[in-house]
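Peer 1: Residues per chain, in single letters:
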Amino acid sequence: MQTHTTICALATPPGTGGIATIRLSGPDAYAVAGRVFYPQNPEKSVAEAKGYTALFGHYRLRGAEMDETVALFFRAPHSYTGEDVVELSVHGGSAMASGLLEALIAAGAAPAAPGEFTRRALENGRMDLTQAEAVMEVISAGGRQGAALAKAALDGALAKKIGAIETALREVAAHLTAWVDYPEEDVPALAPNTLAATLAEQKAQLDGLINSYGGGAVLRHGVDCVLLGRPNVGKSTLLNLMAGFERAIVTPQAGTTRDVVEQAVMLGDTGIRLNLFDTAGVREIGRGGDEIEAEGIRRSWKKLEEAGLVLAVFDAGQPILDEDIALAKRCRESAAARTRPALAIFNKQDLATEVFNRDVQKLAPYFDAVLPLCAKDPASQPALCRAVETLLGTATVDPTAAALCSERQLAAATAARDALAEGVNALADGFGLDAVGVCLEDALAALATLTGENATEAVIDAVFARFCVGK
Amino acid sequence: MDKLGSYDVIVIGAGHAGIEAAHAAATLGARTAVFTLTLDFIGNMPCNPSIGGTAKGHLVREIDAMGGLMGIAADATFLQSKMLNRGKGPAVHSLRVQTDRKRYHMYMKQALERTPGLDIHQAEVVALDVVDGTVCGVITGLNGYYACKCVVIATGTALGGRIHVGEAHYDGGPDGQHAATKLTENLLENGFPIRRFKTGTPARVHRRSIDFTKLERQPGDPEDTLQPFSFMTRTALHNKVDCYIAYTNPATHKVILENLDRSPLYAGIIQGVGPRYCPSIEDKVVRFQTKERHPVFVEPCGEDTEEMYLQGLSSSLPEVVQNAMYHTIVGFEKLEIMRPAYAIEYDCVDPTSMEATLESKVVRGVYGAGQFNGTSGYEEAAAQGLLAGLNAARKAQGKTQLVLQRHTSYLGTLVDDLVTKGVLDPYRMMTSRSEYRLSLRQDNADERLTPIGREYGLVQDDRWAAFCRDAELKQAELARLNSTKIKIAALRPLAGDAEIGEAGGTAAELLRRPGITYEMIAAVIGRGEGVTSTMALRIATELRYAGYIAREQRIIKDMQRHENVAIPPDFAYAHLETLTLEAREKLEKIRPLTLAQAGRVPGVSPSDLAQLSIALLKKG
Chain A
279 MQTHTTICAL
289 ATPPGTGGIA
299 TIRLSGPDAY
309 AVAGRVFYPQ
319 NPEKSVAEAK
329 GYTALFGHYR
339 LRGAEMDETV
349 ALFFRAPHSY
359 TGEDVVELSV
369 HGGSAMASGL
379 LEALIAAGAA
389 PAAPGEFTRR
399 ALENGRMDLT
409 QAEAVMEVIS
419 AGGRQGAALA
429 KAALDGALAK
439 KIGAIETALR
449 EVAAHLTAWV
459 DYPEEDVPAL
469 APNTLAATLA
479 EQKAQLDGLI
489 NSYGGGAVLR
499 HGVDCVLLGR
509 PNVGKSTLLN
519 LMAGFERAIV
529 TPQAGTTRDV
539 VEQAVMLGDT
549 GIRLNLFDTA
559 GVREIGRGGD
569 EIEAEGIRRS
579 WKKLEEAGLV
589 LAVFDAGQPI
599 LDEDIALAKR
609 CRESAAARTR
619 PALAIFNKQD
629 LATEVFNRDV
639 QKLAPYFDAV
649 LPLCAKDPAS
659 QPALCRAVET
669 LLGTATVDPT
679 AAALCSERQL
689 AAATAARDAL
699 AEGVNALADG
709 FGLDAVGVCL
719 EDALAALATL
729 TGENATEAVI
739 DAVFARFCVG
749 K
Chain B
9 MDKLGSYDVI
19 VIGAGHAGIE
29 AAHAAATLGA
39 RTAVFTLTLD
49 FIGNMPCNPS
59 IGGTAKGHLV
69 REIDAMGGLM
79 GIAADATFLQ
89 SKMLNRGKGP
99 AVHSLRVQTD
109 RKRYHMYMKQ
119 ALERTPGLDI
129 HQAEVVALDV
139 VDGTVCGVIT
149 GLNGYYACKC
159 VVIATGTALG
169 GRIHVGEAHY
179 DGGPDGQHAA
189 TKLTENLLEN
199 GFPIRRFKTG
209 TPARVHRRSI
219 DFTKLERQPG
229 DPEDTLQPFS
239 FMTRTALHNK
249 VDCYIAYTNP
259 ATHKVILENL
269 DRSPLYAGII
279 QGVGPRYCPS
289 IEDKVVRFQT
299 KERHPVFVEP
309 CGEDTEEMYL
319 QGLSSSLPEV
329 VQNAMYHTIV
339 GFEKLEIMRP
349 AYAIEYDCVD
359 PTSMEATLES
369 KVVRGVYGAG
379 QFNGTSGYEE
389 AAAQGLLAGL
399 NAARKAQGKT
409 QLVLQRHTSY
419 LGTLVDDLVT
429 KGVLDPYRMM
439 TSRSEYRLSL
449 RQDNADERLT
459 PIGREYGLVQ
469 DDRWAAFCRD
479 AELKQAELAR
489 LNSTKIKIAA
499 LRPLAGDAEI
509 GEAGGTAAEL
519 LRRPGITYEM
529 IAAVIGRGEG
539 VTSTMALRIA
549 TELRYAGYIA
559 REQRIIKDMQ
569 RHENVAIPPD
579 FAYAHLETLT
589 LEAREKLEKI
599 RPLTLAQAGR
609 VPGVSPSDLA
619 QLSIALLKKG
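Going down the list, the protein sequences come from chains A and B. For the numbering used here, count along the first sequence from 1 and bump the result up by 278. For the numbering used here, count along the second sequence from 1 and bump the result up by 8.
Isolated chain A (complex conformation) (with noise of 0.2 Å):
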């Protein structure tokens, strides 16, 4: 175990609550932060920060801006841990604190081990035995089953694959190990440009299966859903509609104090959990006005910008104003349009008008679909369900392909793919290939923690079964 790692965590609990906070702590905590939270005020560095301080500002992922985040600082000794301690605060019962962890270990952090802030804390004398001991009490009843959890962890698909990328390693590496400790035997030599191949070839594995980690989250953490329409045109009962039952509203968060309030419903049978992000401001448009009601715009504005769905709602029993068309337009604007589905639901089909029905080739153009719909009709909601299912690609989602499903795999697997990328650069700045073996081992090493083998002895296993060597 590495003790002067950088780790992080979620420090609240799971799941609902106004604020989830990650707890950064080690010796890189504030570079890693500075890799991952900017400052609003761009004056302030992260590395600058004094303890006991606090900045506001965003974080990015995979250079998109997301969430708000504060950031308090810590400096060694006087921190939980006793080590330097960045807490970052996002808002909570959304994907954003999942975002922030995936953000955090991309940049070098690792997902802590159970227990690992306590045991810090308490080798630091942060911490006293009882305390130490009454955490670890609670720790341990999910970390007993060890190396066994870690391993059924692992799905049936995302084990082949990272099976089939840990053999192809391994034959390189047994190869490379045959060859360089029975120099003498008829071992052919690797050519390097197949080594090269391998090397790259299991980094793209590992990348696909890392890009693809965003991508899984949909079903795990739902996806963030602005949606938005005039007053009046049937938004509320939409919500109810998709939810099926009032009561399935899972996050209520009254007293908030943001204008854009958070919901989430689960979607029917899909599956599929809508982070509901009510745009109070969006209906201002046009209007102008004062200050606040501006910036209650711009963060409607930015809202649309994050989301991972738009849902427009318009009533199909008034005529379309200009007001509606300026909505479908600013939905096709916005740069996340290009990748995130917009769906317009033409609502009250029972109240239909002629007029609307002619002119709704203005609208149907800035969308990637439109569902004509009777929101306070139950029958209705399966066709709601389906055309969001197909937008989203969740309908043609192979529940058993492979994909990483937690923040501990998707470390394992970066610092892998970081190991391989090392060794394809030691080939290419022309280091032997001792340095080359050493990375290609880090990498084995790395993925052998999430299927509990032994690397080392998995590779000299290897080299017996495939290579006639010895005297």
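Derived from the structure by calculation, the hints contain no laboratory data. Built from N, CA and C at the ideal position, the CB exists for glycine as well. There may be inaccurate statements among the hints.
Restraint ranges, calculated between C-beta atoms of paired labels, are given here [what the hints assert, rightly or not]: (1) B/Glu590 x A/His282: 25 to 35 Å; (2) B/Ile533 x A/Ala478: 35 to 45 Å; (3) A/Arg664 x B/Phe296: 35 to 45 Å; (4) A/Asn402 x B/Ala554: 23 to 33 Å; (5) B/Leu481 x A/Ala435: 31 to 41 Å; (6) A/Thr331 x B/Glu590: 43 to 53 Å; (7) B/Arg203 x A/His282: 34 to 44 Å; (8) B/Lys495 x A/Ala478: 33 to 43 Å.
Since the structure of chain A is already known, use the hints to place chain B on it.
Peer 2: Below, chain B alone, put in the same frame as chain A:
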């Protein structure tokens, strides 16, 4: 029973492990005796007449750096050498020396005879005298009793040795030596977990019966590149012999497959577990049926003999089949066997019953080394012998024990693997076993281990002085390279087609580039004073691999925090209910000395380790 003597340390066996153990213990000032079945086999090489090889060469350098004998003896009886793996990266360069087998034995016998404070006895030890779980003497086959404080068991293949050639088998050790048949029973009575391993060796044949014109010649490295094993050998070495390569062919394999039922291994007569890394020719042919040929290395056994060793043809087939098999090989048509190949089974201990000091947890004061601990190879044996002898002497003297951590050495890695993970077949050192191998190179064994050898009393004044002088020379040269700037234009004429970059810089910066060698730098700014080609290579390697080495050092530093947390030997794992049952059982058995070692025990998870760490803090 007659009381014949009293010692601090008694070493059982004078093979490669026993020699280093006895020499180390006596050098530390312990009154030491070494017992051997026969004085004529001290330092015998029953297998190949060579020292070193991949990873094993690292071990020899480490033994030498600590003040052991093997490297010096190999240099003194040198016939030919090769630096293996040149061109595969400096971390895996490994030296192998062909030695004169008989002269090696004579050298070692005399080295022991001349070691002050060391007695040599020809006798078979048949029992340990154990009182209250602690050894206090040994009993010989002639009813002699010798009192002692510590014992090092280095019995090799002699312990319970049984030789197999075809359907014939008999109790015995290598080269006509008799087996030690009684000690095993006594060890079992004392609770040692004894198991049975197997190994084998090829035939020795007459030089005149080989047609060398049909074989590939294998000369040693060019004379000007020959490197000694010992950091103390400063005289030039000269190649004296050639080796050769022959190849088996489908006809050879046919003979083997047709007679497989006459191999005791395949007929089920041999129960012992053989080493994967040292398969018999039967194994090779059966397991790799698509391979059309296997190499056979023909190595001279010495300058005063016509015996040649056939590396690669270890076998337990009957002599008549061996003859038939050899005669199918091009160049071996008229081969005359002098000593047939044989397989040998022997008794050894489960090394997880040892501590990382190599002291047994079963009977205190008993240490083990070499094949007794489940390893194979002269070098692995000698390295353990040195550590076991050193610790036995220090225990007898009431001093602290030495545990070599993994990051210090291949020896430390070997011992940790043995006592933490255990072995299923005889353990061979391989470079891939070390996660720190870019730092643990054979060229820097002295920097890694001579200070430790000095601190623990093995390194004598002459070696220490030479080491300090080398260290000063290296520092001076590094300073010079870091402060001397070179224009790239000055190097270009020397570079040929090599890519050397566009910008100039300090000599040290330039040495980091793949196309630039120390010799090129030296051609421009001259050689550093006293910088040998070996030291130049070491400096260039450290500069080039600085990034990788620094990364290893960070990992080592991380690990160090847990290496420094000791676990009391009587720690009650059973009461630590927050650990998994599996972890409790494994830890109870292995009884790791440190938290870091606990983390390497198979079946112990990071969560278990966190629990253990807290429990330890509570105790402390």
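Peer 1: All hints, please: hold or fail.
Peer 2: Results for each hint:
1. B/Glu590 x A/His282: 25 to 35 Å: Taking Cβ atoms as reference, B/Glu590 and A/His282 lie about 28 Å apart, which means the hint holds.
2. B/Ile533 x A/Ala478: 35 to 45 Å: holds, 40 Å
3. A/Arg664 x B/Phe296: 35 to 45 Å: Because 58 Å falls outside the window, the suggested range is violated.
4. A/Asn402 x B/Ala554: 23 to 33 Å: holds, 31 Å
5. B/Leu481 x A/Ala435: 31 to 41 Å: Hint violated: Cβ distance 59 Å, outside 31 to 41 Å.
6. A/Thr331 x B/Glu590: 43 to 53 Å: holds, 46 Å
7. B/Arg203 x A/His282: 34 to 44 Å: holds, 40 Å
8. B/Lys495 x A/Ala478: 33 to 43 Å: holds, 37 Å
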